Amino acid sequence: MLNRVVIRFAGDSGDGMQLTGDRFTAEAASFGNDISTLPNFPAEIRAPQGTIPGVSSFQVHFADFDIVTPGDTADVLVAMNPAALKASIPQLKRGGLIIVDTAEFTKRNLTKVGYERNPLEDGSLDDYQLHALDLTGMTVAAVQGFGLTRKDASRAKNMFALGLLSWLYNRDTDTTLKFLSEKFAGKPQLRDANITAFRTGYAFGETTETFGVTYQVAPAPMPAGRYRQISGNVALAYGLVVGAQKAGLPLFFGAYPITPASDVLHTLSKLKRFNVMTFQAEDEIAAAGSALGASFAGRLGVTASSGPGIALKSETISLAVMTELPMVICDVQRSGPSTGMPTKTEQADLLMALYGRHGEAPVPVIAAQSPADCFDTAVEAVRVAVEYRTPVFVLTDGYLANGAEPWRVPQLTTIPAIDPQFATEPNGPKGEFLPYLRDEETLARPWAAPGTPGLEHRLGGIEKDARTGNISYDPANHELMTDTRQAKVDGIARTIPPLEVDDPGRESGDGARVLVLGWGSTYGPALAAIRRMRKTGTKVAHAQLRWLNPFPANLGEVLRSYDKVVVPEMNLGQLAMLLRAKYLVDVQSYSRVRGLPISVDEFEADLFEIVREVEARALAPETETSEGALQ
Amino acid sequence: MTTTKYPTAPAASATPPALGRGLAHVPLAIAPLNRKDFVSDQEVRWCPGCGDYAVLAAFQGFMPELGIKRENTVIISGIGCSSRFPYYVDAYGMHSIHGRAPAIATGVAATREDLAVFVITGDGDALSIGGNHLLHALRRNVNITILLFNNRIYGLTKGQYSPTSEMGKVTKSTPMGSLDQPLNPVSLALGAEATFVARAVDSDRKHLSAVLKAAAAHRGASLVEIYQNCPIFNDGAFDALKGGEESAEAIIPLSHGEPIVFGVDGHLAVVRDRATGALRIAERAEVAADDIVVHDAHAEDPSYAFALSRLSSAGHLQRSPIGVFRDVQRPSYDDEAREQVRTARGNGEDVDDASLQELLYGQDTWEVSA
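Keeping their order, the protein sequence lines are chains A and B. Numbering-wise (this note's numbering), the first sequence opens with residue 670 and increments by one. Numbering-wise (this note's numbering), the second sequence opens with residue 90 and increments by one.
Check each hint, because a few of them may be wrong.
Said to hold, decoys possible - Here are the simulated distance ranges between beta carbons:
hint: 1; chain 1: A; residue 1: 813; chain 2: B; residue 2: 453; range: 32 to 42 Å
hint: 2; chain 1: A; residue 1: 1008; chain 2: B; residue 2: 123; range: 55 to 65 Å
hint: 3; chain 1: B; residue 1: 270; chain 2: A; residue 2: 1253; range: 57 to 67 Å
hint: 4; chain 1: A; residue 1: 1178; chain 2: B; residue 2: 433; range: 57 to 67 Å
Said to hold, decoys possible - Counterexamples of contact, computed for chain B against chain A with all Cβ distances above 10 Å:
hint: 5; residue: 203
hint: 6; residue: 383
hint: 7; residue: 388
hint: 8; residue: 395
hint: 9; residue: 400
hint: 10; residue: 444
Unchecked claim - One-sided excerpt, in silico: chain B residues whose CB lies under 7 Å from chain A:
hint: 11; residue: 135
hint: 12; residue: 175
hint: 13; residue: 180
hint: 14; residue: 201
hint: 15; residue: 440
hint: 16; residue: 453
hint: 17; residue: 456
Please keep in mind that the hints were generated in silico from the structure rather than gathered at the bench. Remember, it's a predicted structure, so these values are computed and weren't measured experimentally. All residues carry an ideal CB built from backbone N, CA and C; glycine is no exception.
The whole structure should be built from the sequences, with the hints applied where relevant.
Okay, structure coming up:
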């Protein structure tokens, strides 16, 4: 899906950077037109080693089309030493990927270029995706058997890095391997070492489940404000912290490591100063269980995982539905089923989030549309969880989690407070506590935390009496409770803003006939395609579903006001099926499950065909009618 | 920012010196409570003659003696006959899901130092479906007290063999006899380096109450295995330990600092084999007094307690050590976790908005003007 990636290799002029770069330059034309380089080496042939004037670099382009220029700013920086990092950071895109060779980040090398603290550790690179790796060590170990000197062996680290990048960006490795074989045909030792380093780097990316996602932002004017770069997982973590803070609740985060959700745990574990407790549980089940326990104890319990882990949590989520306790479950989706492709993105957990439980167990589901939007989504999920006493699903995916985009940082004071309204007094007519006596408007039950005198009560998975919460097998009571749990979740729609449609011509009576309805991370690619189409005069309406359960109240009306509704999804049409079932509208699914975000180019081309067809039919109503009559 | 509304721990001065450290941060009842204060309005529905009644009575009996506030008592159970327990105690409780009570209790204990947290579980719940959670709660040493009701059978599902059933047991699911080697819960807990491990029998209320009280007072995870008779599906499983002279031969009593001597007229003793270091049972008359093991529940190395746990008979129960196997001090997970948060927060001030806003800005921002 990425049309091009610009990679800058930077190191000491003695590192053989130009040598590697020259090889690419020389050979690029004969190997598929997809690599273009920009050599940049110091004027002095032997500038002092490890200094900024001594930095030598070259740029490599991966692209799907003929490249004319090597690109001005880099998406990826491979920095072989502190000097290279310092010199090249200004040419790196904000939020870009940095790979550094930690072997060279010694105190001496840092001091030489004026780093007082190690930039790999002091948080100054937080706006980038940093991969600090011992490139030298791993490369030397990988090529140990080829009888090279340590210096020659360590030079192959460029190939290790290239192998890793080839994994990250789904590059065909044959081209590079062929290049290396031919280039070093006369030097079998070097050939084998370089090929091995390249393959080892590729394998390293695969086994360590490394991501290389760049979030595609549709060109648009940015509203005024103070911006920063943020990735989806960090934004999600910050949103949880702010949500908890707005509710005046300590945050308890139970999790088990899993790609691509682990960074949420990593981020939160560093935020204890904001009254956050993180717990790396023994498994996914305990991660969810401990979070539910924390919620029972009057805290905000949150857990996060990806598909396989969410499957394990499902029994606990059902208990949270039954006990009606606040809880937030984040699913950073990845390609499935089973282990699938852990570093690749997908949206195929939608139906699991909605229905993947035993019994009638409705759970609100909200999905983030972009990396920065993960923040707002998390805050909103906390609000609904706390105010309605319910588990809430937050859906993101690997594309959002690891992708980054500019974020207009909100002022905390503008985010409304969330009131947990803990029960403090008995609510029954006889001075007793009735834990399932509900708020008439929200249908939320009282949340009484242990330690509150007079409100001692027992919760559990067994069906509850509608008032006392005691065990009840009464048939009518079960039906009432089942209906009430559903009605409570349905009622959340009253606090959800109506679905807004972006259809520029509609007000003047020149609206589109085709509506693209997205959810989650298809937002970016879909909007980018639509904006391009509008530039050439094609009319397409666009809307984004934030809440997948409940749907906004006006959704049916919106769907019915277009000739055709197209739903792009990275699954086999899960939302499309739901919309068809619920609203009896002929929704057309646009489905891609390649582990990659939907391609803007491809979607644009396909959507153009759909619009053309729909408009042609609309303009020839008689043909339409006669065709209809024939059928 | 709004003031915090969640219940907070009381000042440390409320802690009486008389209590064990396990309940150090739990507030004390203002007026003394009695057994009835811990009895809920729910009808107890175990089968007639079930051992669970005795454990419930012992629990309701000793709870007032702890002196803590009833509302600061939390009981979390899993699934099984015994897991109905929380409904019958007038405290905060959750009857959760099969095997997961230790995980849920970990979330409660980690976030609330002012609560006394009990876990009620059974042999199937704790050792089969929930084995993983039990293991990890014990090795982390979370400050919870686990009552493991072991009746060596699945009762709620009407009589299948459990992970503590003896090999060859004929049940509904094993008409030709079970093939599984049973687990010894005490050995398992000691293998996980649990800091408090004990065993009691449902019918000996006085001993059971004393052991449970000691377990509650222990800071860290406590596991008490309770031999509990199921009169319907496994009646008489522990009879060897319950009758007059016979039980004197069967119960190996563990009492810290006392030589382990038992049997009618104390004719049996636990001795250490000088060659192998293993423990065995010998006729007292045939061994030197110096070879008789003096019970040391505070031994740091769990090997000794583990060796003791192996003295239980393997198949149908004929003999077993009863009492506190191990009671040692080790920092508890939840104390340390809270300490990390406290340290990071600089001693419990409310989160300040300015620093949170600063976090959101990060280190590198830029302005876009209108």
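- Message: Let's test the interface hint: is any C-beta of chain A closer than 7 Å to that of residue 201 of chain B?
- Response: holds (5 Å)
- Does 32 to 42 Å hold as the CB distance between residue 813 of chain A and residue 453 of chain B, or does it fail? Because 40 Å falls inside the window, the suggested range holds.
- Query: Was the hint right that residue 135 of chain B lines chain A, CB cutoff 7 Å?
  - Reply: At 14 Å from the nearest chain A Cβ, residue 135 of chain B fails the 7 Å test, so the hint is violated.
- Query: Could one say that the CB atoms of residue 270 of chain B and residue 1253 of chain A fall in the range 57 to 67 Å?
  - Reply: The hinted range 57 to 67 Å holds for residue 270 of chain B and residue 1253 of chain A, with Cβ atoms some 59 Å apart.
- Query: Has the hinted range 57 to 67 Å been met by the Cβ atoms of residue 1178 of chain A and residue 433 of chain B?
  - Reply: holds (59 Å)
- Query: Since residue 203 of chain B was said not to touch the interface, does its Cβ keep a gap of more than 10 Å from each Cβ of chain A?
  - Reply: violated (6 Å)
- Message: Would the non-interface assignment of residue 383 of chain B survive a Cβ cutoff of 10 Å against chain A?
- Response: holds (37 Å)
- Task: Determine whether the non-interface label on residue 388 of chain B survives the test: each CB of chain A must be over 10 Å from its CB.
- Result: holds (27 Å)
- Task: Tell me if residue 456 of chain B is really an interface residue toward chain A, meaning its C-beta lies closer than 7 Å to one of theirs.
- Result: holds (6 Å)
- Query: Looking at residue 444 of chain B again, its CB stays over 10 Å from all of chain A?
  - Reply: violated (7 Å)
- Task: Using 7 Å as the Cβ threshold, decide whether residue 440 of chain B counts as touching chain A.
- Result: holds (5 Å)
- Once the shortest beta carbon distance from residue 453 of chain B to chain A is found, is it less than 7 Å? holds (5 Å)
Violated hints, in rising order: 5, 10, 11; the structure is consistent with all others.
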